[in-house]
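Engineer: The residues making up each chain are set out below.
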Amino acid sequence: MKVEQRATERQSGEALSDRATLLSLYREMLLIRRFEEKTAEMYQMAKIGGFCHLNIGEEAAIVGAISALRPQDYIYSNYREHGHALAKGVDAKAVMAELFGKETGTSHGRGGSMHLFSQEHRFYGGYAIVGQALPLACGTAYAINYKDKAEVVMSIFGDGATNIGAFHESLNVAKLWHLPIVFVCINNQYGMGTSVKRASAVTEIWKKACAYDMTGENVDGMDVIAVRRVADRLVAQAREKREPSLLECVTYRYRGHSMSDPDTYRGKDEIKQWQGRDAILGLGDHLQKQKMASANELQKIDEAITSEVETAVKFADESPEPDLKDLYRDVYAEEVG
Amino acid sequence: MPVLAMRDALNQALREEMTRDGDVFLLGEDIGLYDGSFKVTRGLFKEFGEKRVLDTPIAEEIIIGTAIGAAMAGLRPVAEMMTVNFIMVAMDQVVNAAAHIRYMFGGGTRVPIVIRTPGGGGHQLGAQHSHSHENWFAHVPGLKVVAPGTPADAKGMLKAAIRDDNPVMFIENEGTYAVKGEVPDGEYLTPLDKNEVKREGHDITICAHSRMLIVAMEAAAELEKEGISAEVVDMRALRPLDMTPVIESVKKTSRVITVEEGWRSFGVGSEIAARVYEEAFDYLDAPVARIGAAEVPTPYNKRLEKIAFPARADVVVTARALLGKN
Chain L
1 MKVEQRATER QSGEALSDRA TLLSLYREML LIRRFEEKTA EMYQMAKIGG FCHLNIGEEA
61 AIVGAISALR PQDYIYSNYR EHGHALAKGV DAKAVMAELF GKETGTSHGR GGSMHLFSQE
121 HRFYGGYAIV GQALPLACGT AYAINYKDKA EVVMSIFGDG ATNIGAFHES LNVAKLWHLP
181 IVFVCINNQY GMGTSVKRAS AVTEIWKKAC AYDMTGENVD GMDVIAVRRV ADRLVAQARE
241 KREPSLLECV TYRYRGHSMS DPDTYRGKDE IKQWQGRDAI LGLGDHLQKQ KMASANELQK
301 IDEAITSEVE TAVKFADESP EPDLKDLYRD VYAEEVG
Chain B
1 MPVLAMRDAL NQALREEMTR DGDVFLLGED IGLYDGSFKV TRGLFKEFGE KRVLDTPIAE
61 EIIIGTAIGA AMAGLRPVAE MMTVNFIMVA MDQVVNAAAH IRYMFGGGTR VPIVIRTPGG
121 GGHQLGAQHS HSHENWFAHV PGLKVVAPGT PADAKGMLKA AIRDDNPVMF IENEGTYAVK
181 GEVPDGEYLT PLDKNEVKRE GHDITICAHS RMLIVAMEAA AELEKEGISA EVVDMRALRP
241 LDMTPVIESV KKTSRVITVE EGWRSFGVGS EIAARVYEEA FDYLDAPVAR IGAAEVPTPY
301 NKRLEKIAFP ARADVVVTAR ALLGKN
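Chains L and B, in that order, give the protein sequences. Anchor point for the first sequence: position 180 equals 180 in my numbering, and the numbering is continuous, going up by one each time. Anchor point for the second sequence: position 257 equals 257 in my numbering, and the numbering is continuous, going up by one each time.
Just chain L, with the same shape it has in the complex (with noise of 0.2 Å):
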């Protein structure tokens, strides 16, 4: 095992000190937080329907890796991927009105909460398919290869992901063909409800890099300084070295699999515990201590966010529903009858 391939141990004394970018990363946390609170009370509303994955609780590796990005990187996500859309930079009006089936949200209504995707923010989109869009992520790190741009790729997916054939094949070929590309696997415990000593003969899904001879990485995904600093480190290989890694960010969702999971396969202690490390609550203690906001301060980012979220569902609301005689729309790239 190469040394780059040990698990980066906890260095909290390196921790990320510029004021502005760590209320940057407690605004973005906080955004992901309050929009998938409402986002479970609209569900509820019925407002919104089909599947519903919540990013609550994982706010700390998708923003901590996410905010390492610049605009012109590539993002390609899975199906709980509202928080990732919001952190490279969606509109949260357009996300909300997605999850509402509103011609103006990000997918015109065609795709639901499954299926963001901003050409703008080159969000490349969310796939429903486990494992399905790592193939596509090092296609477009190919073209960024091909066309001899500084751009990279990141690849997000969760720890069911990296059982199946196509993180194999997508790891493999990233580090064959040295592809700009950062693979993220949010390790949030959990296949939907099968757990990942359950799933995994290796449980430390870091490890699973040193097959293809690739960075493998591994960071406490509640600690969103640690996961930027991580994220930086890799994202700079990719662009700069054309080396691909692999980022394990071991984090926990608070709530069900999707909004239709009744969670009867783990403890309520178990999720306590977790609780009990928020990644928000940890940074806003830190920012505190550090003196560099008050709680008044915080208070006020958390209404002013509170208000963002109420202003996007009332935008989503108050959208129009897509035209009936635009059921074929863009089924194909010009109109074949």
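Possibly wrong hints are sitting among the right ones.
[What the hints assert, rightly or not] Which chain B residues face chain L? A few, computed with CB under 10 Å, are given here: (1) Ile63; (2) Leu75; (3) Asn85; (4) Met88; (5) Val89; (6) Asp92; (7) His139.
No lab work stands behind these hints, which were simulated from the structure alone. Fair warning: this is a prediction, and the values are worked out from it, not measured in the lab. Every residue gets a Cβ at the ideal spot worked out from N, C-alpha and C, and that includes glycine.
Given the structure of chain L, go ahead and fit chain B onto it with the hints provided.
Structural biologist: Chain B only, in chain L's frame:
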């Protein structure tokens, strides 16, 4: 006009499109250094280099997935699947991804890829290398599916497929790579949505695509000796399915035979028959007759394999029966 084998017509199309557009690149198993398992990509690796003629691992999902992701980022990939049977490994990428991405993202992107793959049997390759599955793909909205049966159409349709902004399943046939025909030099495009009468006649209509087009043409020549005038419609455009020449033909002949190399059940002939019933029922003098492969996994034994696939005699006998001349 130059006479080329089908594989060389395809090769010419690839070379011309790669020369015309730097965003066109090829990827697949052994298409480069090895020159292609059926030599369709012969010489291109040497000419264009490994970036544009990408040899991949034997990993079908990554081949199709890479093509899709590269296309979404602005390139025009042409992926080769060594045989259509291998594409089963990558059906998720073809159907759930390539075909659906544009629609499920509300038109926010497009997937201009071509997937070239040969189907067909007759070479004693057994149950996992000999089938025809174009009907699987033709079932799916979001895909275009073409299956040319002449070298000229192969060139013209491949060039058009590469320029198309949608995922195109380009179905070739192992049994036609050596078939020769006249092929126009240089810029020559054949529409992906137009079927064509390849032989005119007035007694009976025979619909066929890919290698079965050749079988149908041979059958028509034999029927002519018996005084039966058969019209052959090339069903090279399967999705979107252009029925116009079929319906026009039925109005004239009132009898239809469909011929396909795949199994009949839920097949190309079934779809053509249904459309004929819907659009030209009153013109028919007999039920549509469907000819296809025996519904067995293709056997290895040469004699068993031979009777498993449709042949000229099957078409001739069926035509006579439909016309009450047996």
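Engineer: Please list, smallest to largest, the hint numbers that this structure does not respect.
Structural biologist: 3, 4 and 7
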